[in-house]
Amino acid sequence: MMKFIFMMLMLVPLSCIKKSYWFNQYMYFFITFMFGLSFSFNYLYMNISYFMGYDLLSFMMILLSLWICSLMLLASESIYSKNYFYNLFLLVMIILLLSLVMTFSSLNLFIFYLFFEFSLIPTLLLIIGWGYQPERLQAGVYLLFYTLFASLPMMISIFYYYEKFHSLDFFFLCYDVKSFLLFMCMNMVFFIKMPMFFVHLWLPKAHVEAPVAGSMILAGVMLKLGGYGLMRLMNIFLTVGLQVNYIFITISMVGGFFVSLMCLRQVDIKALIAYSSVAHMGLVLSGILTLSYWGMSGALVMMIAHGLCSSGLFCLANISYERLNSRSIYLNKGLINLMPMMSMWWFLFSCCNMAAPPSLNLLGEIILINSLVSWSSWTMVFLSLMSFFSAAYSLYLYSYSQHGKLVSNLYSFSSGFVREYLLLLLHWLPLNILILKSEFLVLWL
Amino acid sequence: MYYKLLFFNSLMIGTLIAISSYSWMGMWMGLEINLLSMIPLISDNKNMMASEAALKYFIIQTMASTLLLFSIIMMSMKFMYQMNLITYFNLIFNTSLFIKMGAAPFHFWFPEMMEGLNWLNAIIMLTWQKLSPMVLLTYSNTTSMYLILTIMFSMMISGIMGLNQTSLRKIMAYSSINHIGWMISSIMLIEIVWFYYFIIYCIITINISIMFMKLNVFHINQLYISMNYHILLKLFFALNFMSLGGLPPFLGFFPKWLTIQTLIQSNMYSIAFIMILMTLMTLFFYLRITFSILLLSKAVLTFYTQPKINTNYIMAFNFITLLSLIFVTLMFNFL
Amino acid sequence: MSICLIYFVTFLFFSVLSFLLSLNFMILDYSLMLEYEMLSINSCSIIMTILLDWMSLLFMSFVLFISSMVIYYSEEYMEGDIYLHRFIMLVSMFVLSMMLLIISPNLISILLGWDGLGLVSYCLVIYYQNIKSYNAGMITALTNRIGDVALLMAIAWMMNFGGFNYIFYIDVYKNSMEMYIIILLIMLAAMTKSAQIPFSSWLPAAMAAPTPVSSLVHSSTLVTAGVYLLIRFNFALTSNLMLILLFIGTMTMFMAGMGANFEFDLKKIIALSTLSQLGLMISILALGEYQLAFFHLLTHALFKALLFMCAGCMIHSLSNCQDIRYMGGLIKVMPLTCTYFMISNLALCGLPFLSGFYSKDLILEVLSMSYLNIYIYVIFFFSTGLTVCYTFRLIYYVLVGNFCFYSLSKINDNSKIMLQGMSGLIFLVIVGGSMLMWLMFPTPYFICLPFTMKIMALIVSFFGAWFGFELSKFTLNDSLKSFYLLNSSLFFSSMWNMPYISTFGLNYYPIKLGSKLYKTIDQGWSEYYGSQNLYSKISNTSVFLQFMFNNNYKIFMLLIMMWVIFMILYI
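Chains as they are written, first to last, in this note's numbering: chain E, 17 to 461; chain P, 8 to 342; chain R, 74 to 644.
Treat the hints with caution; some may be incorrect.
[Stated by the list, open to error] Capping the alpha-carbon separation at 27 Å, the derived lysine-lysine pairs in DSSO-like fashion look like this:
{"no.": "1", "chain 1": "E", "residue 1": "Lys349", "chain 2": "R", "residue 2": "Lys592"}
{"no.": "2", "chain 1": "R", "residue 1": "Lys205", "chain 2": "E", "residue 2": "Lys349"}
{"no.": "3", "chain 1": "P", "residue 1": "Lys53", "chain 2": "P", "residue 2": "Lys177"}
{"no.": "4", "chain 1": "R", "residue 1": "Lys610", "chain 2": "P", "residue 2": "Lys177"}
{"no.": "5", "chain 1": "R", "residue 1": "Lys589", "chain 2": "E", "residue 2": "Lys349"}
{"no.": "6", "chain 1": "R", "residue 1": "Lys585", "chain 2": "E", "residue 2": "Lys421"}
[Stated by the list, open to error] Counterexamples of contact, computed for chain R against chain E with all Cβ distances above 12 Å:
{"no.": "7", "residue": "Phe92"}
{"no.": "8", "residue": "Leu105"}
{"no.": "9", "residue": "Met162"}
{"no.": "10", "residue": "Val439"}
{"no.": "11", "residue": "Ser443"}
{"no.": "12", "residue": "Asn485"}
{"no.": "13", "residue": "Cys521"}
{"no.": "14", "residue": "Phe540"}
{"no.": "15", "residue": "Phe564"}
{"no.": "16", "residue": "Asn623"}
{"no.": "17", "residue": "Met635"}
[To be verified] To give an idea of the chain E side of the interface with chain R (calculated C-beta under 8 Å), a few residues:
{"no.": "18", "residue": "Met278"}
{"no.": "19", "residue": "Tyr309"}
{"no.": "20", "residue": "Cys367"}
{"no.": "21", "residue": "Ala372"}
{"no.": "22", "residue": "Asn386"}
{"no.": "23", "residue": "Val389"}
{"no.": "24", "residue": "Leu452"}
Keep in mind the hints are simulated off the structure, nothing from the lab. Beta carbons are placed, not taken as given, at the ideal position from N, Cα and C, and that holds for glycine.
Input sequences plus hints: build the corresponding full structure.
Take a look at the structure:
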């Protein structure tokens with residue numbers, strides 16, 4: 017594990033060199049592939065050194081973060097070409113990547129918590145530093161304070177747990193805590209991070225105001241931190257979980273439906289994608305909270321799928337934004353005639369977003385639906401509504417952005433660079449290829 | 008101006024006497040020396056505000072010293088022990104110390120006075136002047152209920168009052184009140200934690216205040232145009248505030264971590280909870296200071312030459328305040 | 074070498090191949106099952122399954138044959154379209170989805186084809202970029218999505234059996250509650266795909282697609298997917314579900330037959346006729362004769378594809394005019410096309426020894442044989458009559474009479490490629506029925522009916538033809554008969570108001586609800602109890618405290634002294 021950490025650490029000085037943007041990008045991919053090579057088909061903890069190591073769950077999440085971070089650099093080419101503090105951007109990126117990798121690879125709850133918090137700060141810098149509108153300040157504050165508001169009580173409960181059970185190692189995290197208060201304190205931060213409905217307000221704001229890299233990392237990895245944490249922690253809340261989980265599942269299910277309806281009323285492309293994230297992550301949250309094998313593995317599948325899919329959608333939104341300078345769904349119109357190839361990508365990603373085969377989203381949705389319906393057949397009502405309206409808003413997004421009359425304030429632009437096609441391909445391909453051997457997404461339990 | 012050097016020395020000596028004295032009277036004496044040498048340091052005959060601040064400081068500290076003396080004398084009387092009244096006078100004793108350090112219900116003078124100081128004096132007020140009252144408090148922390156009350160007040164007052172401030176010195180004052188709350192809670196439990204807290208708090212505060220001094224800024228809006236020639240420095244400077252607020256990867260998290268852990272070990276969950284949530288509010292106004300920096304896009308003023316500062320040592324200092332969490336954590340094993 | 078030709082040859086080759094394989098499998102009574110395990114959780118595997126038996130291979134060969142012809146045909150029909158490649162790719166994707174649907178006996182892997190059909194058909198419907206096709210595409214995709222959701226839910230219930238290969242379970246668990254729910258959901262899915270009655274509105278709307286697509290979608294692929302799924306699931310249908318299905322199927326048949334009699338859009342008439350045939354298939358399926366349904370599915374695929382292609386040829390010649398009132402007398406100018414049109418129309422009506430006759434007549438006779446109430450009997454025969462009625466109305470409007478289009482127009486039968494494509498089909502339209510009859514039913518059905526019942530189909534057909542001519546007579550001075558009962562005409566011609574109900578009637582509520590929720594919950598209460606209100610409260614408190622602390626130094630000192638004195642007094 018240390019070799020990867022050190023590789024990333026050594027990228028810090030590299031990121032300060034002028035015109036080293038693409039070299040950095042290659043290095044990110046290099047790390048990704050090196051890390052991918054250390055895959056071991058083994059669900060036990062591997063590559064343990066000091067407080068770090070990974071099992072299959074961590075491996076997938078780390079791989080996702082590395083992948084998304086590489087693609088973030090690919091997507092934010094405009095920062096480099098416009099010379100907008102790209103060295104600083106690279107620095108923030110590598111710090112973010114480091115924090116994420118450390119978060120996912122830590123074997124200790126406290127270290128996990130530490131780096132979990134750490135990852136907030138580079139994200140905040142990304143949003144406030146490279147965002148577009150003045151509202152990004154509010155978005156940054158929402159992001160930071162919604163998370164911190166719940167994460168600091170989590171710190172207290174971590175210490176409490178340590179006092180009572182004398183170990184915070186994930187491996188030994190198996191004492192059953194029978195306290196609802198502790199359940200709330202520990203898990204509320206993950207509920208917010210996921211985000212659960214009612215505490216999701218930070219998410220649309222942060223997603224909308226963030227630059228493309230920020231949106232990608234938020235949708236791609238940051239939301240998954242919540243799911244990852246819950247998966248690790250549900251071990252100690254089995255008893256209390258069985259008693260109270262239905263509350264959160266209900267909130268997520270009903271909320272997912274509500275959010276899907278709200279998506280139909282969004283006029284901002286990025287806001288729409290962000291709200292759709294809320295709906296999907298609500299599904300993930302409920303899957304985890306069913307405490308079943310199906311739910312957990314489905315949650316991981318869905319998290320990976322959603323990470324790639326919504327990240328890809330944000331890329332697309334940015335590609336449109338860079339050309340039209342607007343995120344409004346009323347101005348991004350008729351693009352099928354100007355960017356026909358990009359329109360295909362829009363369609364493919366919209367399809368993935370509505371869980372069309374053969375995407376990983378579909379597999380995730382199937383597994384989650386299975387787990388939830390076997391948990392309670394009443395969830396069928398909201399599951400089917402969510403599933404239906406996910407198609408409705410995905411098609412709404414596609415149809416509104418690609419069809420219709422062109423807005424009249426367009427100036428000449430490229431209908432797509434190779435870099436952009438590559439970017440989208442690299443999102444889409446794992447999303448649809450991974451399903452062929454999806455076994456390693458469910459073996460970790 | 009060389010007389011200030013003299014008084015600075017006696018300021019140090021006063022504190023040292025106070026914290027190393029064997030008897031209560033010696034401590035009082037040290038505090039008095041400390042107080043009396045602070046006054047000339049503050050006063051500045053070109054600045055009315057400074058004189059006012061000096062006067063305010065003098066009055067309030069004298070009152071505190073008087074109370075201190077009063078309680079010391081009363082406590083040393085024999086009937087106090089016989090009638091078991093020692094705790095009550097301990098309250099008065101602690102009150103006087105709280106006034107001296109500016110903890111919350113007795114904090115009124117502190118931001119008012121800070122407003123009149125220059126940054127060098129502000130640094131002394133924020134850091135060094137807290138030392139002796141706090142050390143004295145470690146000797147008399149028998150009334151934990153009173154301390155807890157003060158902690159709560161410090162937390163709430165600093166969090167709420169700091170929210171609407173635009174003056175950097177006032178913000179630093181309220182931040183100091185907040186940290187006093189944390190420090191008192193660590194004093195209540197384990198002194199070595201307080202020791203850590205105090206040192207780290209001093210490092211961060213001094214770092215920030217020195218930057219303010221170098222840049223000669225006193226209000227939030229002045230930060231928009233400063234340090235624009237060195238964006239990395241600016242960013243690191245902004246991160247210092249997060250360190251002050253105790254966000255995890257930075258040094259400022261370490262003392263909070265220790266304090267919370269000791270609080271939890273002593274089963275003080277709810278106070279830890281309240282302290283943490285109230286600290287969030289201080290974090291909010293720290294963050295607001297840094298907004299102008301984090302926005303990255305800069306306003307370049309053509310006819311305004313900014314004071315250029317030697318970035319190297321400041322960067323080194325920033326490096327310590329931001330990234331030394333790992334090293335300090337390791338160091339903790341050997342203490 | 075054009076892309077159309079490449080795909081034509083490929084599809085034709087595979088069509089012949091799978092037809093021969095199908096014959097082989099049929100003779101040997103052989104079926105082949107291939108599995109690819111994707112993952113296995115808790116010993117419940119998610120498998121990509123491929124089932125090759127004579128039924129799937131035969132269906133595949135028909136689909137491939139029709140699509141090869143359609144692709145060949147579209148080279149001329151879509152001539153000059155700059156996105157021809159996109160079009161052909163989409164059609165191929167569509168065919169591929171259909172293949173995947175046909176060969177998957179697994180509830181999860183069938184989704185690959187099922188969702189694929191829905192999504193690709195969306196792309197094809199919106200191919201001509203205008204508002205009408207966008208709306209049509211949206212209603213097509215969303216109606217199909219209901220079916221997808223039903224399938225997803227069925228998958229969840231399927232987990233009770235420990236696997237998703239439904240062919241293993243439908244017989245065994247027929248009486249279990251889980252299977253009841255599954256088959257209910259499957260029925261829902263099939264009804265959306267095959268446009269049965271509450272979900273019919275998308276089918277005529279989907280006529281906004283290019284005509285080759287309509288020819289493919291509405292003959293053999295998309296709409297028959299639902300029927301095919303039900304054929305696969307027919308063993309699990311319980312008797313009361315069959316009754317429901319029968320009712321819905323007959324209603325659809327009747328509704329569509331009536332609607333076609335009032336419609337003036339050439340493609341929509343054919344679409345409604347498809348819908349009526351689908352109703353026929355569903356209803357005969359609901360009578361338990363799944364083989365007959367399959368038989369009719371295949372023959373219908375043939376003549377309906379040809380019908381659409383002929384219609385496309387006419388529309389192409391008439392500069393994209395689809396209104397039958399502008400046509401007329403086309404038999405004089407495009408004789409070959411009109412011959413094909415006539416043949417496929419008569420096949421649709423069930424003229425003896427054309428392909429439609431074998432399946433349709435058999436269905437009607439089997440129905441007459443079975444033990445059913447008078448409602449079913451009447452509606453079946455009435456709908457058969459309606460079929461002939463709208464067919465002859467169409468013939469009256471299009472083929473005979475006066476030419477009603479622009480006086481200066483160049484209409485002829487010179488579109489060679491289109492005609493070649495159609496000629497490829499005409500052979501099968503004529504002989505396909507008898508061929509399939511011999512292949513699929515080695516033992517003929519035993520039909521024993523009284524003479525009147527036997528002749529009933531013929532009688533209603535004649536009456537239908539007569540009415541078709543009479544009712545649609547329309548000259549300059551003589552107004553249309555249907556204007557006499559305008560309101561009921563409107564009701565029947567608008568598919569019993571279904572397009573209105575399933576668009577304006579439904580979409581208002583979710584959208585209104587979405588806006589309400591956005592304003593009240595998301596931007597309302599969540600913000601109020603979340604961040605904004607908290608911030609304003611704290612901020613107000615701060616202002617208040619600022620006011621309180623904006624103090625007099627003396628008062629502050631006084632307070633401290635009072636505190637001390639208070640403490641001393643307390644002692």
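Outside-interface status for Ser443/R - nearest CB in chain E farther than 12 Å:
holds (35 Å)
Satisfaction of hint between Lys592/R and Lys349/E, Cα-Cα up to 27 Å:
holds (26 Å)
Next item in the hint list is Asn386/E. Is there a CB on chain R closer than 8 Å to its CB?
holds (5 Å)
Please check whether Val389/E passes as an interface residue: C-beta within 8 Å of a C-beta belonging to chain R.
holds (4 Å)
Grab the minimum beta-carbon distance between Asn623/R and chain E and tell me whether it stays above 12 Å.
holds (27 Å)
What's the verdict on Lys585/R and Lys421/E, does the C-alpha distance respect the 27 Å limit or exceed it?
holds (25 Å)
Hint check: 8 Å Cβ-Cβ cutoff, Leu452/E to chain R
Given a least distance of 7 Å, the restraint on Leu452/E holds.
Please verify that the nearest CB of chain E lies beyond 12 Å from Met635/R's CB.
holds (37 Å)
Confirm or reject: Leu105/R is not an interface residue toward chain E, with every Cβ-Cβ distance exceeding 12 Å.
holds (22 Å)
Does Lys177/P sit within 27 Å of Lys53/P, going by the straight-line distance between their CA atoms?
Since the Cα atoms of Lys53/P and Lys177/P sit roughly 22 Å apart, the hinted pair holds (cutoff 27 Å).
Phe540/R clear of chain E by more than 12 Å, beta carbon to beta carbon?
holds (42 Å)
Claimed clearance of chain E by Asn485/R, with the beta carbon kept past 12 Å:
Since the minimum Cβ distance to chain E is about 33 Å, Asn485/R lies beyond 12 Å and the statement holds.
When held up to the earlier numbered hints, the structure conflicts with hint 9 and nothing else.
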